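Taking the hints into account, I'd like the entire structure generated from these sequences.
There are 2 protein chains.
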Amino acid sequence: MSHPHPELPLPGPLPVGALRVVALGGLGEVGRNMAVLEYDGRLLIIDCGVLFPEDHQPGVDLILPDFSAIADRLDQVDAVVLTHGHEDHIGAVPYLLRLRPDIPLIGSRLTLAFVAAKLKEHRITPVLREVKEGDEVEVGPFALEFVAVNHSIPDALAVAVTTGAGTVLHTGDFKMDQLPLDGRITDLRAFARLGERGVDLFMPDSTNAEVPGFTTAEAEIGPVLDQVFAGATGKIVVASFSSHVHRVQQVIDAAWANDRKVALVGRSMVRNMTIAVELGYLTLPDPGILIDIKRVDDYPPDEVVLMCTGSQGEPMAALSRIANHDHRVEVGPGDTVVFASSLIPGNENSVYRVINGLTRLGAKVVHQGNARVHVSGHASAGELLYCYNILRPRNVMPVHGEIRHLVANGALAVRTGVDPERVILAEDGVVVDLIDGRARIVGAVPCGYVYVDGSSVGEIGEADLKDRRILSEEGFISVFAVVSAQDGSVIAGPQIHARGLAESGDVLEEIVPQVRKALTEAAREGNVDNHQLQQVMRRVVGRWAGTRLKRRPIIIPVVVEA
Amino acid sequence: MSHPHPELPLPGPLPVGALRVVALGGLGEVGRNMAVLEYDGRLLIIDCGVLFPEDHQPGVDLILPDFSAIADRLDQVDAVVLTHGHEDHIGAVPYLLRLRPDIPLIGSRLTLAFVAAKLKEHRITPVLREVKEGDEVEVGPFALEFVAVNHSIPDALAVAVTTGAGTVLHTGDFKMDQLPLDGRITDLRAFARLGERGVDLFMPDSTNAEVPGFTTAEAEIGPVLDQVFAGATGKIVVASFSSHVHRVQQVIDAAWANDRKVALVGRSMVRNMTIAVELGYLTLPDPGILIDIKRVDDYPPDEVVLMCTGSQGEPMAALSRIANHDHRVEVGPGDTVVFASSLIPGNENSVYRVINGLTRLGAKVVHQGNARVHVSGHASAGELLYCYNILRPRNVMPVHGEIRHLVANGALAVRTGVDPERVILAEDGVVVDLIDGRARIVGAVPCGYVYVDGSSVGEIGEADLKDRRILSEEGFISVFAVVSAQDGSVIAGPQIHARGLAESGDVLEEIVPQVRKALTEAAREGNVDNHQLQQVMRRVVGRWAGTRLKRRPIIIPVVVEA
Numbered sequence: 001m002s003h004p005h006p007e008l009p010l011p012g013p014l015p016v017g018a019l020r021v022v023a024l025g026g027l028g029e030v031g032r033n034m035a036v037l038e039y040d041g042r043l044l045i046i047d048c049g050v051l052f053p054e055d056h057q058p059g060v061d062l063i064l065p066d067f068s069a070i071a072d073r074l075d076q077v078d079a080v081v082l083t084h085g086h087e088d089h090i091g092a093v094p095y096l097l098r099l100r101p102d103i104p105l106i107g108s109r110l111t112l113a114f115v116a117a118k119l120k121e122h123r124i125t126p127v128l129r130e131v132k133e134g135d136e137v138e139v140g141p142f143a144l145e146f147v148a149v150n151h152s153i154p155d156a157l158a159v160a161v162t163t164g165a166g167t168v169l170h171t172g173d174f175k176m177d178q179l180p181l182d183g184r185i186t187d188l189r190a191f192a193r194l195g196e197r198g199v200d201l202f203m204p205d206s207t208n209a210e211v212p213g214f215t216t217a218e219a220e221i222g223p224v225l226d227q228v229f230a231g232a233t234g235k236i237v238v239a240s241f242s243s244h245v246h247r248v249q250q251v252i253d254a255a256w257a258n259d260r261k262v263a264l265v266g267r268s269m270v271r272n273m274t275i276a277v278e279l280g281y282l283t284l285p286d287p288g289i290l291i292d293i294k295r296v297d298d299y300p301p302d303e304v305v306l307m308c309t310g311s312q313g314e315p316m317a318a319l320s321r322i323a324n325h326d327h328r329v330e331v332g333p334g335d336t337v338v339f340a341s342s343l344i345p346g347n348e349n350s351v352y353r354v355i356n357g358l359t360r361l362g363a364k365v366v367h368q369g370n371a372r373v374h375v376s377g378h379a380s381a382g383e384l385l386y387c388y389n390i391l392r393p394r395n396v397m398p399v400h401g402e403i404r405h406l407v408a409n410g411a412l413a414v415r416t417g418v419d420p421e422r423v424i425l426a427e428d429g430v431v432v433d434l435i436d437g438r439a440r441i442v443g444a445v446p447c448g449y450v451y452v453d454g455s456s457v458g459e460i461g462e463a464d465l466k467d468r469r470i471l472s473e474e475g476f477i478s479v480f481a482v483v484s485a486q487d488g489s490v491i492a493g494p495q496i497h498a499r500g501l502a503e504s505g506d507v508l509e510e511i512v513p514q515v516r517k518a519l520t521e522a523a524r525e526g527n528v529d530n531h532q533l534q535q536v537m538r539r540v541v542g543r544w545a546g547t548r549l550k551r552r553p554i555i556i557p558v559v560v561e562a
Numbered sequence: 001m002s003h004p005h006p007e008l009p010l011p012g013p014l015p016v017g018a019l020r021v022v023a024l025g026g027l028g029e030v031g032r033n034m035a036v037l038e039y040d041g042r043l044l045i046i047d048c049g050v051l052f053p054e055d056h057q058p059g060v061d062l063i064l065p066d067f068s069a070i071a072d073r074l075d076q077v078d079a080v081v082l083t084h085g086h087e088d089h090i091g092a093v094p095y096l097l098r099l100r101p102d103i104p105l106i107g108s109r110l111t112l113a114f115v116a117a118k119l120k121e122h123r124i125t126p127v128l129r130e131v132k133e134g135d136e137v138e139v140g141p142f143a144l145e146f147v148a149v150n151h152s153i154p155d156a157l158a159v160a161v162t163t164g165a166g167t168v169l170h171t172g173d174f175k176m177d178q179l180p181l182d183g184r185i186t187d188l189r190a191f192a193r194l195g196e197r198g199v200d201l202f203m204p205d206s207t208n209a210e211v212p213g214f215t216t217a218e219a220e221i222g223p224v225l226d227q228v229f230a231g232a233t234g235k236i237v238v239a240s241f242s243s244h245v246h247r248v249q250q251v252i253d254a255a256w257a258n259d260r261k262v263a264l265v266g267r268s269m270v271r272n273m274t275i276a277v278e279l280g281y282l283t284l285p286d287p288g289i290l291i292d293i294k295r296v297d298d299y300p301p302d303e304v305v306l307m308c309t310g311s312q313g314e315p316m317a318a319l320s321r322i323a324n325h326d327h328r329v330e331v332g333p334g335d336t337v338v339f340a341s342s343l344i345p346g347n348e349n350s351v352y353r354v355i356n357g358l359t360r361l362g363a364k365v366v367h368q369g370n371a372r373v374h375v376s377g378h379a380s381a382g383e384l385l386y387c388y389n390i391l392r393p394r395n396v397m398p399v400h401g402e403i404r405h406l407v408a409n410g411a412l413a414v415r416t417g418v419d420p421e422r423v424i425l426a427e428d429g430v431v432v433d434l435i436d437g438r439a440r441i442v443g444a445v446p447c448g449y450v451y452v453d454g455s456s457v458g459e460i461g462e463a464d465l466k467d468r469r470i471l472s473e474e475g476f477i478s479v480f481a482v483v484s485a486q487d488g489s490v491i492a493g494p495q496i497h498a499r500g501l502a503e504s505g506d507v508l509e510e511i512v513p514q515v516r517k518a519l520t521e522a523a524r525e526g527n528v529d530n531h532q533l534q535q536v537m538r539r540v541v542g543r544w545a546g547t548r549l550k551r552r553p554i555i556i557p558v559v560v561e562a
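Top to bottom, those sequences are chains A and B.
Everything in the first sequence is counted per full-length UniProt numbering, starting at 1 for the first residue and increasing by one.
Everything in the second sequence is counted per full-length UniProt numbering, starting at 1 for the first residue and increasing by one.
The hints are simulated quantities; they were obtained by calculation from the structure and are not laboratory data.
Honestly, I wouldn't trust all of these hints.
Calculated lysine to aspartate or glutamate pairs in the EDC-like style (CA-CA distance at most 20 Å, straight line) [to be verified]:
#, chain 1, residue 1, chain 2, residue 2
1, B, K466, A, D55
2, A, K261, A, D292
3, B, K120, B, E87
4, A, K550, B, E121
5, B, K118, B, E87
6, B, K466, A, E473
7, A, K466, B, E314
8, A, K466, B, E473
9, B, K261, B, D302
10, B, K466, A, E54
11, A, K550, B, D61
12, A, K466, B, D61
13, B, K550, B, E509
14, B, K132, B, D182
15, B, K466, A, E314
16, A, K120, A, E87
17, A, K118, A, E130
18, B, K550, A, E459
19, A, K261, A, D302
20, B, K294, B, D326
21, B, K261, B, D297
22, A, K466, B, E54
23, B, K466, A, D61
24, A, K550, B, E459
25, B, K550, A, E121
26, B, K550, A, D61
Being a predicted model, the structure only gives us computed values, none of them experimental.
As structure tokens, then:
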């Protein structure tokens with residue numbers, strides 16, 4: 001397998017009859033998935049999601065794919081295909097549509113319902129085109145076929161895109177639960193038909209490629225929930241992702257079996273499950289089983305289940321606030337909290353903080369570490385091998401993963417007989433051309449992280465984040481002085497302000513005489529240029545901070561003449 | 001089991017014949033372990049370690065136990081017993097000895113060797129008293145007996161402390177590998193003898209109390225390493241904790257079996273393993289097997305193993321630098337990197353960043369997710385149950401864990417028949433008295449986090465950390481203006497400086513005219529008080545940042561008269 005080349009040139013023009021593929025997000029990170037296909041001057045986008053920031057990206061709200069490679073070609077975009085309704089596949093759609101609101105969005109009913117609700121919050125009215133598995137749709141030069149796949153949200157689709165260059169099959173996110181709650185399996189017969197016709201480029205979900213074996217079935221959780229509920233004497237609180245319809249279904253079923261009502265808690269949980277009920281994806285054993293959160297106290301604790309958000313320890317979500325005694329819902333001895341959710345790598349500290357908080361309140365906490373209350377939504381190595389053998393793709397470009405996931409997925413392909421030269425390990429921005437049935441890396445386009453920060457999009461850059469990290473680790477010191485315009489003598493100040501350094505202001509006052517002395521000497525030497533005086537202040541303060549505090553804060557020296 | 005009370009008073013004086021126990025660290029977090037026992041006016045300290053900061057404690061280097069409860073009683077401390085040489089048990093000793101350098105340190109040979117090396121770096125010469133398992137030692141009113149325990153560092157000890165109030169047994173950190181590499185098992189016969197004499201208070205390690213079953217044996221890793229080494233065609237790099245002597249032993253043994261030399265990489269790895277070889281804890285199959293890092297290039301890649309630090313993705317340690325192409329050691333296609341280490345919760349992002357970096361360089365990466373190259377150092381529930389049944393303690397106070405771990409450990413005790421009223425769930429600062437064979441919570445002393453930050457100890461407080469977090473998420477804006485002392489009109493400025501906000505300085509310049517206008521108006525209204533003018537500036541800038549940027553940066557407004 002060829003590894004991604006660090007130094008790739010901009011690609012040349014697209015040869016006639018060739019298909020060009022570039023990921024603008026989702027390859028090299030788990031999140032902000034976005035693939036762009038180009039054929040004969042037209043573009044097709046598959047997914048447009050967001051990535052959530054890590055701790056070294058402080059203050060950032062969301063990270064978007066980098067649209068710059070197509071920013072001046074948006075009129076050539078024929079459609080955006082949305083494989084399913086998860087944030088890392090639809091979350092950036094509002095930001096794309098801001099640039100061109102009439103780009104058609106193609107997806108299944110539930111996917112479009114979720115994205116429409118999101119776009120309504122952004123006050124954008126989209127052009128929607130609903131499809132379902134089995135549909136065949138022409139969009140510009142792209143002939144699309146949709147295939148049902150099973151995932152941790154209902155109504156997920158894989159899409160086969162056929163052009164003069166051949167057929168590309170993109171799985172979206174998928175697994176292969178053979179007895180899913182809704183009976184909607186990943187359609188391997190459709191994969192078989194596509195395989196027989198010939199798949200020129202296979203783009204499979206790499207998330208669990210490193211995990212040997214097979215992903216556990218969702219239905220195995222039901223009996224565990226039932227057992228936990230049956231043994232619970234007080235209130236039950238369950239946390240999961242607000243889009244996990246089947247997980248909520250199992251919670252509702254277990255509640256029903258144990259004579260408990262269910263209250264949905266958290267704005268996104270209420271919104272998403274309301275949509276799911278309306279569209280028939282969530283089945284209520286009885287219309288009265290769902291009660292409003294405000295009515296929970298009308299019932300004894302052992303007759304309620306609260307289905308809430310916050311499974312990742314997000315500070316503002318319901319569960320963290322419950323753990324912090326900052327929510328109308330109170331939890332205490334005798335109550336049970338179930339984290340029916342994954343623990344996304346990076347979120348461990350937040351989640352354990354909430355678990356400890358709930359434990360301190362006296363609750364019993366059940367989570368995937370001590371009970372089978374979660375299964376993954378992604379195919380493991382075992383399922384991926386089935387796919388490679390059924391599809392026998394001519395070329396493979398693993399998607400949806402960090403490089404370790406992509407490499408592991410590529411290795412699986414090779415083990416089933418795919419020529420290593422035809423396994424493309426690309427990262428965001430790397431351009432791949434499919435010509436005459438052969439896929440190759442032909443160059444790369446710039447592709448950075450685009451930060452949504454407060455109201456700004458793309459204004460915060462790496463330099464700002466570096467400043468923020470320095471600020472957080474070292475703090476800052478501002479020094480202000482007013483000097484005479486005539487002779488540079490100090491008229492007022494120096495005044496010193498600092499944050500994040502040391503609680504005692506006295507510590508800082510040590511430096512003031514040193515700065516004044518340095519300024520006075522500089523003026524005596526005829527140094528009256530503001531910039532030079534600021535540099536003098538910066539040096540004195542920096543040296544002092546380094547020696548006295550062993551810190552390197554950001555220093556803002558300001559000299560003003562008067 | 002009674003849960004820790006949120007509102008506990010200061011404890012009263014210690015009754016005659018009673019033993020008082022308080023943890024100043026280690027209960028409620030995994031780290032900074034320190035227990036203080038008091039009897040008849042004398043104090044005995046068990047362990048004195050550090051806690052490593054999380055991302056919400058930016059810039060902090062280390063977190064110490066809170067010595068304030070004993071700060072004015074240090075002359076009453078008879079000794080510090082150090083159960084083993086891990087940082088979370090010895091790392092804070094230098095900071096304690098700074099306060100009273102002649103406090104005797106009691107521990108095993110390897111433990112004292114590690115702590116002496118650490119103290120040398122702090123230029124402190126300690127009073128050392130070496131003991132080994134089986135020794136009985138009197139220290140003030142405390143009769144100490146030492147028991148061998150097996151852990152992920154050699155020469156670990158449990159300590160039984162007998163006074164007029166009875167016997168306390170503190171396990172230190174332990175597990176119960178029955179076939180350990182050095183043959184030094186956790187001495188259950190000694191536990192049985194203590195149990196028959198009577199254990200009044202048992203203080204067991206809770207780290208793995210939530211994990212059912214038994215901890216895997218260290219020796220199971222050897223064959224896995226051998227298999228990985230045998231199949232490796234290029235260079236091999238192995239990362240583990242620099243104090244894990246037995247892990248390094250297995251790496252050396254596998255290297256020997258596969259005709260490879262071993263180079264130690266990283267300052268602490270070299271220092272600790274040198275001590276271990278000198279004292280006979282690490283056995284070299286041949287004196288020539290260890291080579292200096294500078295000589296690695298004298299050998300073909302398939303004849304070397306590099307044993308290095310950085311298993312937790314620490315940015316400055318060897319492995320991260322190797323992954324970043326910032327180290328004399330280079331890694332590429334054909335090379336193998338083994339993370340023979342745990343993944344401490346909270347470090348996932350750092351570790352995966354390094355794994356992805358190494359993968360991008362073309363290396364094969366082996367870690368506990370895909371091979372048995374690590375086992376825990378702590379007893380699981382299965383082993384803890386053995387201990388409760390053999391010791392049959394009268395009272396139990398779980399130690400060494402977050403509250404979820406302590407609660408799980410307490411639950412195990414109850415299942416073996418310990419009266420729930422005699423299971424003490426305490427956190428740092430909670431005071432427990434053992435009187436007439438009964439342990440009870442009697443109050444709490446203040447016990448906060450003491451931050452080591454640069455050269456300061458205990459100067460950075462929660463307010464500073466909160467400022468740093470705000471700085472990192474929101475940035476800051478300084479506004480500086482010079483006004484006339486006569487009429488308050490603006491003489492110079494306003495000048496605006498910001499960091500961590502937006503890359504474009506133009507954005508900030510928007511606010512300057514608004515600030516000038518607000519200052520001029522305030523002056524016209526007769527508002528010439530500096531403080532009030534600063535408040536005016538703060539309000540204008542704050543409102544602008546909130547509306548225009550949707551951010552709430554720290555604002556430093558400075559008005560100077562001239």
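Hint check:
1. K466/B to D55/A: 15 Å, holds
2. K261/A to D292/A: Measuring from Cα to Cα gives roughly 10 Å; hence the hint holds.
3. K120/B to E87/B: Status holds; Cα separation ~15 Å.
4. K550/A to E121/B: With Cα atoms ~17 Å apart, K550/A and E121/B stay inside 20 Å; holds.
5. K118/B to E87/B: Since the Cα atoms of K118/B and E87/B sit roughly 10 Å apart, the hinted pair holds (cutoff 20 Å).
6. K466/B to E473/A: Distance of about 12 Å is within 20 Å: holds.
7. K466/A to E314/B: Given pair K466/A, E314/B holds - Cα atoms ~18 Å apart, limit 20 Å.
8. K466/A to E473/B: Given that 20 Å is the threshold and the Cα spacing comes to 12 Å, the pair holds.
9. K261/B to D302/B: 9 Å, holds
10. K466/B to E54/A: 18 Å, holds
11. K550/A to D61/B: Holds. K550/A to D61/B sits at ~11 Å (cutoff 20 Å).
12. K466/A to D61/B: Holds, at about 19 Å.
13. K550/B to E509/B: 17 Å, holds
14. K132/B to D182/B: 15 Å, holds
15. K466/B to E314/A: 18 Å, holds
16. K120/A to E87/A: Answer holds: K120/A to E87/A is near 15 Å, not above 20 Å.
17. K118/A to E130/A: Within the cut-off at roughly 17 Å; holds.
18. K550/B to E459/A: 13 Å, holds
19. K261/A to D302/A: Judged against 20 Å, a Cα distance of about 9 Å means the pair holds.
20. K294/B to D326/B: Measuring from Cα to Cα gives roughly 16 Å; hence the hint holds.
21. K261/B to D297/B: Given pair K261/B, D297/B holds - Cα atoms ~12 Å apart, limit 20 Å.
22. K466/A to E54/B: OK: K466/A and E54/B at ~18 Å, within 20 Å.
23. K466/B to D61/A: Within the cut-off at roughly 19 Å; holds.
24. K550/A to E459/B: Status holds; Cα separation ~13 Å.
25. K550/B to E121/A: Measuring from Cα to Cα gives roughly 17 Å; hence the hint holds.
26. K550/B to D61/A: Measuring from Cα to Cα gives roughly 11 Å; hence the hint holds.
Of the numbered hints listed earlier, not one is contradicted by the structure.
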